[in-house]
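2 protein chains.
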Amino acid sequence: MGHRAAIVGAGHTRFGALDAGPRALLRSAVDEAFGSVDRGAERSSIDEAFLATLGFGGWQIGNSSAVLAEEAGVPGVPVTRVENACASGGAAIRAAVRAVEGGARRLVLVAGLEKMTDVPNARRRYWLGVSGDTEWERLAGLTFAGVYGLIASRYLAEHGVGPEALEEVAVKNHDNGARNPKAQFQKRVSRADVRAAPRVADPLGLYDCCPVSDGAAALLIAPAASARTYTDAPVYIDGVGAGSDFLAVQERPELTRFGASRWAADEAFHAAGCSRSEISFLEVHDCFTIAELLAIEDLGYAAPGAAGRLTLEGATRRDGRLPVNPDGGLKAKGHPIGATGVSQAYEVFQQLRGSAGPRQVARAERALTHNVGGAGATACVTIYSRG
Amino acid sequence: MGHRAAIVGAGHTRFGALDAGPRALLRSAVDEAFGSVDRGAERSSIDEAFLATLGFGGWQIGNSSAVLAEEAGVPGVPVTRVENACASGGAAIRAAVRAVEGGARRLVLVAGLEKMTDVPNARRRYWLGVSGDTEWERLAGLTFAGVYGLIASRYLAEHGVGPEALEEVAVKNHDNGARNPKAQFQKRVSRADVRAAPRVADPLGLYDCCPVSDGAAALLIAPAASARTYTDAPVYIDGVGAGSDFLAVQERPELTRFGASRWAADEAFHAAGCSRSEISFLEVHDCFTIAELLAIEDLGYAAPGAAGRLTLEGATRRDGRLPVNPDGGLKAKGHPIGATGVSQAYEVFQQLRGSAGPRQVARAERALTHNVGGAGATACVTIYSRG
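Which chain is which? The protein sequence lines are R and B, in order. Going by our numbering, the first sequence opens with residue 1, and the numbers climb by one from there. Going by our numbering, the second sequence opens with residue 1001, and the numbers climb by one from there.
Each statement offered as a hint is correct.
Which stretches of chain B does chain R cover? Using the computed rule of at least three CB atoms under 8 Å from a CB of chain R, they are:
#1 1073 to 1084
#2 1255 to 1266
The calculated label-pair distances, taken between Cβ atoms and stated as ranges, are:
#3 B/Gly1073 - R/Gly160: 35 to 41 Å
#4 R/Pro304 - B/Gly1357: 54 to 60 Å
#5 R/Asp38 - B/Glu1135: 34 to 40 Å
#6 B/Gly1073 - R/Pro198: 42 to 48 Å
#7 R/Arg106 - B/Glu1164: 42 to 48 Å
#8 R/Asp38 - B/Ala1157: 49 to 55 Å
Chain R stretches covered by chain B per the calculated footprint, using a threshold of three residues with CB under 8 Å from any CB of chain B:
#9 53 to 59
#10 72 to 83
#11 91 to 103
#12 131 to 137
#13 256 to 265
#14 373 to 386
Just so you know, these hints were derived from the structure itself, not from any lab. All residues carry an ideal CB built from backbone N, CA and C; glycine is no exception.
Turn these sequences into a full structure, and let the hints guide you.
And the structure:
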């Protein structure tokens, strides 16, 4: 079906509990993105920008988009904040693809940001709860770990799967994270470590949960036709898809599948005109270990209940037949909410250009990113190919 | 340059201090939009939706987009929250235009919403402050009325204009609002009333400031080519434009012009391929009376300092040569933040179809809407024509 847009530059701060504030994080990711453009790009070429953030560090909760233009050194350009909770980054990329494919823009900046540590406690709690359904989940005391704990319990019972599958997701993603210099946790863990960790929301323990993170990521997106002005190795975006679901999980027909992910994947594959078997690796939204298993199934790579076996067999390891989250995933790399979807595309940019260093996936030709908002309220799927 | 998209249906709650909560407001506006489609539209035709809101009534501050899909009866469709403070509605319309003009979608729902009354005091204060620059304005105690008060003082001094020009904006917009059954204030005021009102931020008094409002508005946007499937009287969108500026007014070279508005207007006129003189009436972002004068100048309809004279001469009245805000504007109609940009397009839909009743503008062929985020941090301009 042809390429719809091209990524020609990408930047990424380290993820973690950082000293830098939100403006500095944005600036750092954007500067690195410009620096990564092989033949260079002028700031003045930017003619639109999108900012993905849930709360901008708590101080600029609304109207933060202009700050991106300021920090990128392009004040005046149209800039829009896109917020779909943890899927904000994916939604911003989708908006950027539309901006360049329609011919309206020549170079679009997408940045994702969250500053979640070093803010007052009340605001930190706010970040973590605000994306869940307020009436039936948050005010009833159901946290995100709680929602995913319920989903995990149900999944294990429904499919007769043991906790080893969840443990193996954590082990694999920590192993990948240990090879990623931008990851929050660059430390391997064993299955015994995962099992012995304090419980957070049974059956999920500490190592089943992604951390609270600061960080930013940025992309430069150009029309496919002009990609080679910037680099001989662009990464093309061939298909985007999105879907939604009821915000409160209680309204949905089942707990162990995310309709939003399934619809987003179907749309993205249809748009890209490629099949699931053509994808070299996946970047999925593993905010909790159970979420990686759901994603593998919802994206069509395993039957319901079968993603655990795939994981235990090693298929999703970096050297397996379907690598999943070679960057460590949200689990080990960290999850600064608005940055996550953009960070997934950053990883694809490295992998498809063969520049992922010790975490490089062999023969990476096409990739898929999967970004979820809340506990499946929205989802974005994007499909990429190398130039 | 041809039509880029078409509005084929529009709905609007009354604006004001309402009993209804945010879900009910959304539902009501969307239902009215569907009911307004002359030849009908199926809910199942909706294949994407955009929600413009700053805070969704304070209870679903993040991740609210899925709620629009639920309340519209289209769960599952891709839905994205767009937030550019008071310009969120304009930004959402721009996103919808891109979705249909690229051929990706056949019918897109845009809804704008804010529920600002009947929420805890702390949250109400939050709404009003959160869109201003946090570091240099909000935390220093500078409210929006304060910012616009400074701008108004400077404007009057710089151009040697008296307060009558501001008073006349209030008188005109209240006069228009008195003919709008959806307006929060349907009450005429005299220039003496405006002058005698309590001061809010000198030189701005009570009648110079838009109210705190609840309300929602919704649009159904189709590709231009399929508009006549739905109605013989579509309203076409011919051009959109956007711009940004430094978030804090102190960073800008001047207080009395909004660069964001000027850039947005230039882009929109260029895209629409029409000239300023072809526009029949304007809907501008008069959050304060001074903002209407700035808008008239920034949009290119008066030289700097000359909008007051235009207003005092009656040119901007409903029966003047350039009607401005025939629906009463933010000033009298109300300003539920995320709803405002969508509400402006609702008014254009009524006017260009000749169905604006007692507030109908004569010979309305083309119109322009102008929506500002914060005190000029972002702006959107949209140009429409009748089918």
